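Student: Sequence:
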Amino acid sequence: MTVISQVILKADDELRYPSSGELKNIKDFLQTGEQRTRIAATLAENEKKIVQEATKQLWQKRPDFIAPGGNAYGERQRSLCVRDFGWYLRLITYGVLAGDKEPIEKIGLIGVREMYNSLGVPVPGMVEAISSLKKASLDLLSAEDASEAAPYFDYIIQAMS
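Residue numbering for the sequence shown follows our numbering, beginning at 49 and increasing consecutively.
By construction, these hints were calculated from the structure, which means they are not laboratory data.
Hints are supplied without guarantee of correctness; some may be wrong.
Unchecked claim - The calculated lysine-lysine pairs, modelled on DSBU-like cross-linking and capped at a C-alpha distance of 30 Å, are:
{"hint": "1", "residue 1": "Lys-154", "residue 2": "Lys-97"}
{"hint": "2", "residue 1": "Lys-104", "residue 2": "Lys-183"}
{"hint": "3", "residue 1": "Lys-183", "residue 2": "Lys-97"}
{"hint": "4", "residue 1": "Lys-58", "residue 2": "Lys-72"}
{"hint": "5", "residue 1": "Lys-97", "residue 2": "Lys-58"}
{"hint": "6", "residue 1": "Lys-109", "residue 2": "Lys-149"}
{"hint": "7", "residue 1": "Lys-154", "residue 2": "Lys-58"}
{"hint": "8", "residue 1": "Lys-58", "residue 2": "Lys-104"}
{"hint": "9", "residue 1": "Lys-58", "residue 2": "Lys-149"}
{"hint": "10", "residue 1": "Lys-58", "residue 2": "Lys-109"}
{"hint": "11", "residue 1": "Lys-183", "residue 2": "Lys-154"}
{"hint": "12", "residue 1": "Lys-149", "residue 2": "Lys-75"}
{"hint": "13", "residue 1": "Lys-183", "residue 2": "Lys-149"}
{"hint": "14", "residue 1": "Lys-96", "residue 2": "Lys-154"}
{"hint": "15", "residue 1": "Lys-58", "residue 2": "Lys-75"}
{"hint": "16", "residue 1": "Lys-154", "residue 2": "Lys-72"}
{"hint": "17", "residue 1": "Lys-75", "residue 2": "Lys-96"}
{"hint": "18", "residue 1": "Lys-75", "residue 2": "Lys-154"}
{"hint": "19", "residue 1": "Lys-96", "residue 2": "Lys-149"}
{"hint": "20", "residue 1": "Lys-109", "residue 2": "Lys-97"}
{"hint": "21", "residue 1": "Lys-149", "residue 2": "Lys-104"}
{"hint": "22", "residue 1": "Lys-183", "residue 2": "Lys-58"}
Stated by the list, open to error - Computed spacing ranges between beta-carbons, pair by pair:
{"hint": "23", "residue 1": "Lys-154", "residue 2": "Ala-198", "range": "38 to 46 Å"}
{"hint": "24", "residue 1": "Lys-58", "residue 2": "Lys-104", "range": "39 to 47 Å"}
{"hint": "25", "residue 1": "Lys-96", "residue 2": "Ile-56", "range": "48 to 56 Å"}
Since we're looking at a predicted model, the values are computed, not measured.
Where is the CB? At the ideal position from N, CA and C, for every residue including glycine.
Hey, can you work out the whole structure from these sequences and the hints?
Tutor: Written out as structure tokens, the structure reads:
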């Protein structure tokens, strides 16, 4: 949900008008809309490049992941890993667009640790993967846009740590 939806629902639940502080939050949200849209567009338009770079970084840092016995050993396992990179990048764009981490939490983080543990995927490896995805993504953004987008990556990293 966006800031606007949250304010409206909260005020309606309490049978009142939005407060001046809530209206300021809406104003701030609207003023950052162009930036959030620009960031999301850059990430979406460069998904393939970002995923390729993040994958390259991860394999260089952790060649044991793709070595025999590693969790990403073999074509099928590698392709699943690359698929997850794209999925997490898309999830990040949802958060950026909403200006809130709630979509990331609701869509992508509830149960993620349990899922990866049940599949035998080491969660610390996923943290390294998201860190590589973050670096590859932020390298394409201006300093201002990178500082806006970074907390969404960090939120996933922290939730998995």
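Student: Decide, hint by hint, whether the structure agrees.
Tutor: Results for each hint:
no.	hint	in the structure
1	Lys-154 with Lys-97	27 Å, holds
2	Lys-104 with Lys-183	12 Å, holds
3	Lys-183 with Lys-97	12 Å, holds
4	Lys-58 with Lys-72	15 Å, holds
5	Lys-97 with Lys-58	41 Å, violated
6	Lys-109 with Lys-149	28 Å, holds
7	Lys-154 with Lys-58	19 Å, holds
8	Lys-58 with Lys-104	45 Å, violated
9	Lys-58 with Lys-149	18 Å, holds
10	Lys-58 with Lys-109	46 Å, violated
11	Lys-183 with Lys-154	24 Å, holds
12	Lys-149 with Lys-75	19 Å, holds
13	Lys-183 with Lys-149	19 Å, holds
14	Lys-96 with Lys-154	25 Å, holds
15	Lys-58 with Lys-75	17 Å, holds
16	Lys-154 with Lys-72	25 Å, holds
17	Lys-75 with Lys-96	34 Å, violated
18	Lys-75 with Lys-154	25 Å, holds
19	Lys-96 with Lys-149	24 Å, holds
20	Lys-109 with Lys-97	18 Å, holds
21	Lys-149 with Lys-104	27 Å, holds
22	Lys-183 with Lys-58	37 Å, violated
23	Lys-154 with Ala-198: 38 to 46 Å	21 Å, violated
24	Lys-58 with Lys-104: 39 to 47 Å	45 Å, holds
25	Lys-96 with Ile-56: 48 to 56 Å	38 Å, violated
The earlier numbered hints that this structure contradicts are 5, 8, 10, 17, 22, 23 and 25.
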